[in-house]
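Trainee: Residue numbers (this note's numbering), protein chains in the order written: chain A, 28 to 165; chain B, 128 to 374; chain C, 1247 to 1628.
Treat the hints as calculated values from the structure; they're not laboratory data.
Honestly, I wouldn't trust all of these hints.
Keeping only pairs whose Cα atoms sit at most 20 Å apart, straight-line, the calculated EDC-like set for lysine to aspartate or glutamate is [stated by the list, open to error]:
#1 K260/B x D49/A
#2 K257/B x E156/A
#3 K257/B x E155/A
#4 K1438/C x E136/A
#5 K302/B x D54/A
#6 K1404/C x E136/A
#7 K77/A x E1495/C
#8 K257/B x E153/A
#9 K302/B x E155/A
#10 K260/B x E152/A
#11 K302/B x E152/A
#12 K139/A x D1400/C
#13 K257/B x E152/A
#14 K1546/C x E1495/C
#15 K357/B x E155/B
#16 K1404/C x D131/A
#17 K257/B x D131/A
#18 K188/B x D203/B
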Amino acid sequence: MTFKIFGKVNFTPYTKVEKFADALREDKLMGTRCKECEEIYFPPRADCSKCMSSDMEWREYSGKGKLATFTTIHAAPTGFEDMVPYTIGVLDLKEGGRLLAWVDNIPQEELKIGMELKAVPQIMEEIEELRVVYVLRK
Amino acid sequence: MELANRNAIVTGGSIGIGAAIAIQFAKEGANVAINYRKHDTEAKEVVKHIEALGRKGIAFKADVANFNDAQTMVRDAVKAFGRLDILVNNAGITRDSVVWKMTEQMWDDVITTNLKGYFNYIHAAADHFKNQKYGKIINITSINGLRGKFGQSNYSASKGGIIAMTKAVARELGKFNVNVNAVAPGMTETEMAADLPREWLDKALAETVMGRLASTEDVANVVVFLASEKARHVTGEVINVSGGQYM
Amino acid sequence: MKVGIVGIGHGRFGRRDDVTVQELAFEPFKEALEDAEIQKREIDATVIGSSPEYHKQRSISGVIAEYLGMNPQPTWLTEAACASGSAAIRTAFGMIKGGIHDVVAVLGVQKMLELSTPEILALMGRVGDVQWESIFGTTFPGYYAMYANRHMHDYGTKPEHLSMVAVKNHEYGALNPKALFQKAITLEKAMKSEMVAYPLRLYDCCANADGAACLILANEEKTKKITDTPVWISASATASAPMSILRRETLTSLPSAVEASRQAYKMAGVEPTDIDVADVHDCFTIAEIMAYEDLGFAEKGKGGKYIEEGQSKIGGKVPVNVDGGLKSKGHPVGATGVSMAVEMVKQLRGEAGKRQINGAEIGLTHNVGGIGQYCFVHIFGR
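Isolated chain A, as found in the complex (with noise of 0.2 Å):
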């Protein structure tokens, strides 16, 4: 599996963390930590930028996490055209790090900064191709 299948649409198929998207086929969200100095990335990096080391170990993390901040976007660019208006979140992972992903089924009114959420895989169900994301639920 490559990391192609990450994602609505993929911009970048060659990446060294190839590894987080096997994983999230497999249900699992998972990121690094730098075995030299200790500092954890999500999403994941294969190279410290800290303290310059390449060896990093990978962890999986429980996708729970506060929502930092979120909106809806009513004009979209092109390939998402079909899924207007879509809500969007930020979330403040539990175990450190940061993710961005559609809300998923939670209508607007009811997101408060601050609530908690959880980070789920997912696979896209209703296209013929494989294509794998997260999205946010309660």
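Following the hints, put chains B and C in place on chain A, whose structure we already have.
Mentor: Then chains B and C, alone, in the frame of chain A:
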């Protein structure tokens, strides 16, 4: 034991090919739920046989043509077994006639029972299979769905439709680790066949290259294979079990 | 050794379906030469600021220098997304300070409208981290909308505050013949406009535009020779911040702007209260509110109050974007930073007409790239 600890539904499992499949499944280690529309005595016999093999067996009264009956049966089977792994769509009827004498009712009944019935059960089972990322769907079709049969425009249409539906559904569920295949028997020694005129059976026999008709076990064994892990990379496929009656 | 500005030029921003990118660049360049009253041959180099992704022509500095007749002088492109224009100014500033060149022409040039709106949205949206964000369909307004929601949550900033910024900038844009939009709007119109990315509506967002502007910079000696009304660059500072919103320490402030302005104030030896007039990067209304705070005009969280009290209007504590800002001028990406500097020069020369801040002596420009990964702050003096 190819199907150890698996849980299966076999529609039309009270008689004929369906019953053979249900019993073969139980021999291979699976718990089986069957439905019957009117053959309640035979259904109870099948359940007894399954239980005698040490497996759980349930018979539900349900008409496959009824969308809600199918949803209810699948839901109840999952509740009883704890999980559903295999769905065999087998229930089917014939209402033969040349097309210009075929009534609207004859057409509708066959299409609804044979084709929509399979949709009803696949629709009910799909979410379970998707969520658990495991499932086996085997649709019993017929060589008549491939070659057409005189007097069976309705039956052939339903069986041909099943083949196309099998492939479409295989495409949709593949990414969730669900195999969807079809088995196309030729003339098989069943009750349905026993009602046919002698010369039809002789003609069928002559069409085979093996000089015999399929037994229900012949068909059931192939269904077992498709339901097992041995066939985990087979999907969207149609396997003929016709002794060469149609190639 | 000081660096001065001897000539300015500014084209009309808007839809320019009538010109190629080099034809577009010609207009403000010629204007700047005439303003400075110098010959082309006195210019040692041209630095072009532009975001190249929008043009079919590759490496536009080449065709521009050719068209302006500026071969064989050095020429190249500087890029920092929406701050490309200021990046070009800083480059020229550095070369003059370092004594490599005496006179340098800076051109901010951008053609955007050869692409369709969804194409532009997609392109501009890739200004975050495409690996982890753009795959979910983020857009440029979407990012600032996320800042806005957090700012509203943390500080009680209201949608009205956002619209007030739009109203102010359109009011001043109506006085600027080079602006894309030269019509005032009402608060009601702004607050009822179409939603683009909640809570940002149509009037909270700058428009895409084509445009070009030009500055001619010179060293101290040449500046004094060329002009009687020099404007000096008393500070040029810049800082960066993580490109990705997922790696930022704050969502209600741009750390690059805070750091760049801190350095600029230090370099120029001034405080925020000394600034007489400023052009800030109002790509979205919330960006202007955050800029009041990041630049120290208002306390943290009090940006909404600042606009509500009219402190950023002519006559207020620090008038901001009296040329209409990006909101009214439009945002031809590479040209914006240079356009801001042109306005400062006009103000400090006393040539800003109806928009003039009387006695303006110290001006500031705040030019942000992308969603805050780059910020350039320049301070100008007389």
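Trainee: Each of the hints needs a verdict: does it hold here or not?
Mentor: Here is what the structure says about each hint:
Straight-line distance between C-alpha atoms of K260/B and D49/A comes to about 16 Å, which keeps the hinted pair within the 20 Å bound. Our distance criterion of 20 Å between C-alpha atoms is met by K257/B and E156/A, whose separation comes to about 16 Å. The hinted pair formed by K257/B and E155/A meets the criterion: a straight-line CA distance of about 15 Å does not exceed 20 Å. For the hint linking K1438/C to E136/A, the alpha-carbon distance of about 18 Å falls within 20 Å, and the restraint holds.
Among the hinted pairs, K302/B with D54/A is consistent with the structure: their alpha-carbon atoms are about 13 Å apart, no more than 20 Å. Between K1404/C and E136/A, the direct Cα distance comes to roughly 16 Å. Compliance with the 20 Å bound is thereby established for this hinted pair. Under the criterion of a C-alpha separation no larger than 20 Å, the hint pairing K77/A with E1495/C is consistent with the structure, at around 15 Å. At roughly 12 Å between alpha-carbon atoms, K257/B and E153/A fall within 20 Å of each other, so this suggested pair holds.
Between K302/B and E155/A the CA atoms are separated by roughly 9 Å; this keeps the pair inside 20 Å, and the hint holds. For a cut-off of 20 Å, the pair hint linking K260/B to E152/A stands: about 12 Å separates their Cα positions. For the proposed pair K302/B and E152/A, the alpha carbon gap of about 9 Å is at most 20 Å, so the pair holds. Distance hint between K139/A and D1400/C is fulfilled; the C-alpha atoms sit about 12 Å from each other, no more than 20 Å.
Of the supplied pair hints, the one linking K257/B and E152/A holds, its CA atoms being roughly 10 Å apart against a limit of 20 Å. Restraint check for K1546/C and E1495/C: the C-alpha separation of about 15 Å stays at or below 20 Å, so the hint holds. For the hint pairing K357/B with E155/B, the CA-to-CA distance comes to about 13 Å; that is within 20 Å, so the pair holds. Taking the CA atoms of K1404/C and D131/A, the gap is about 27 Å. The hint is violated against a cut of 20 Å.
Between K257/B and D131/A the CA atoms are separated by roughly 18 Å; this keeps the pair inside 20 Å, and the hint holds. Proximity of K188/B to D203/B is assessed by CA-CA distance (about 12 Å); at most 20 Å being required, the pair is judged to hold.
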